[in-house]
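S.K.: Chains as they are written, first to last, in our numbering: chain Y, 1 to 113; chain H, 114 to 223.
To be clear, the hints were calculated from the coordinates, so they are not data collected in a lab.
You may find that some hints are simply not true.
To be verified - Here are the simulated DMTMM-like pairs of lysine to aspartate or glutamate, each with C-alpha atoms no more than 20 Å apart in a straight line:
id: 1; chain 1: Y; residue 1: K57; chain 2: H; residue 2: D115
id: 2; chain 1: Y; residue 1: K57; chain 2: H; residue 2: E114
id: 3; chain 1: H; residue 1: K192; chain 2: H; residue 2: E128
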Amino acid sequence: AAGVIQSPRHLIKEKRETATLKCYPIPRHDTVYWYQQGPGQDPQFLISFYEKMQSDKGSIPDRFSAQQFSDYHSELNMSSLELGDSALYFCASSPEGHRLAQYFGPGTRLTVL
Amino acid sequence: EDQVTQSPEALRLQEGESSSLNCSYTVSGLRGLFWYRQDPGKGPEFLFTLYSAGEEKEKERLKATLTKKESFLHITAPKPEDSATYLCAVQANYGQNFVFGPGTRLSVLP
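Bound conformation, chain Y alone (with noise of 0.2 Å):
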């Protein structure tokens, strides 16, 4: 079965460089959601998208944005890297966006130095 991608796997960035985060949902999902794993932590909700609206925001910084696109496929970008930023960052796909699982992809590990 499809499942969620996510690419890149790995991003190594330096300190106040940008990023850019993609997703490709399951077939026939059309709502996105992003989240933030740091060390040891739970994944903390950054922002979903539903038909390529953003539908809910968490606890996403001002430096990051994301869209959905005709597609459904989804990009978080992460601007003014800081170390702190260092995490896996997590993209699940749902369809419909109501009372249903979330299924998330492999995640990005991103590294800031």
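We have chain Y already, so just place chain H on it with the hints.
M.R.: What follows is chain H alone, placed relative to chain Y:
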């Protein structure tokens, strides 16, 4: 504020030794409670969704139950391959995002 706590923080079992993990939550209107398994460095793997008090779901050696304030994940005769962090998450009626608990790190020794 929606909150999820899990206990114990870590649990070490011998192979075949059954036990339960607890997830306690406070949320203003529960849309669903979700259990995930997460292996180190990997994305959470969906296990169960529970929607209403009294509901139970089973999958192999795992059984999840839900009350109005908490959920239990029962592990019967665990095997070493069940070793992982088990995450509980709630979704409130007013939003789509999940609030995760801190997880229970389970180790099953052969």
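S.K.: Each hint: holds or not?
M.R.: Against the structure, the hints come out as follows:
1. K57/Y to D115/H: holds (15 Å)
2. K57/Y to E114/H: At roughly 15 Å apart (the allowed maximum being 20 Å), E114/H and K57/Y satisfy the hint.
3. K192/H to E128/H: holds (5 Å)
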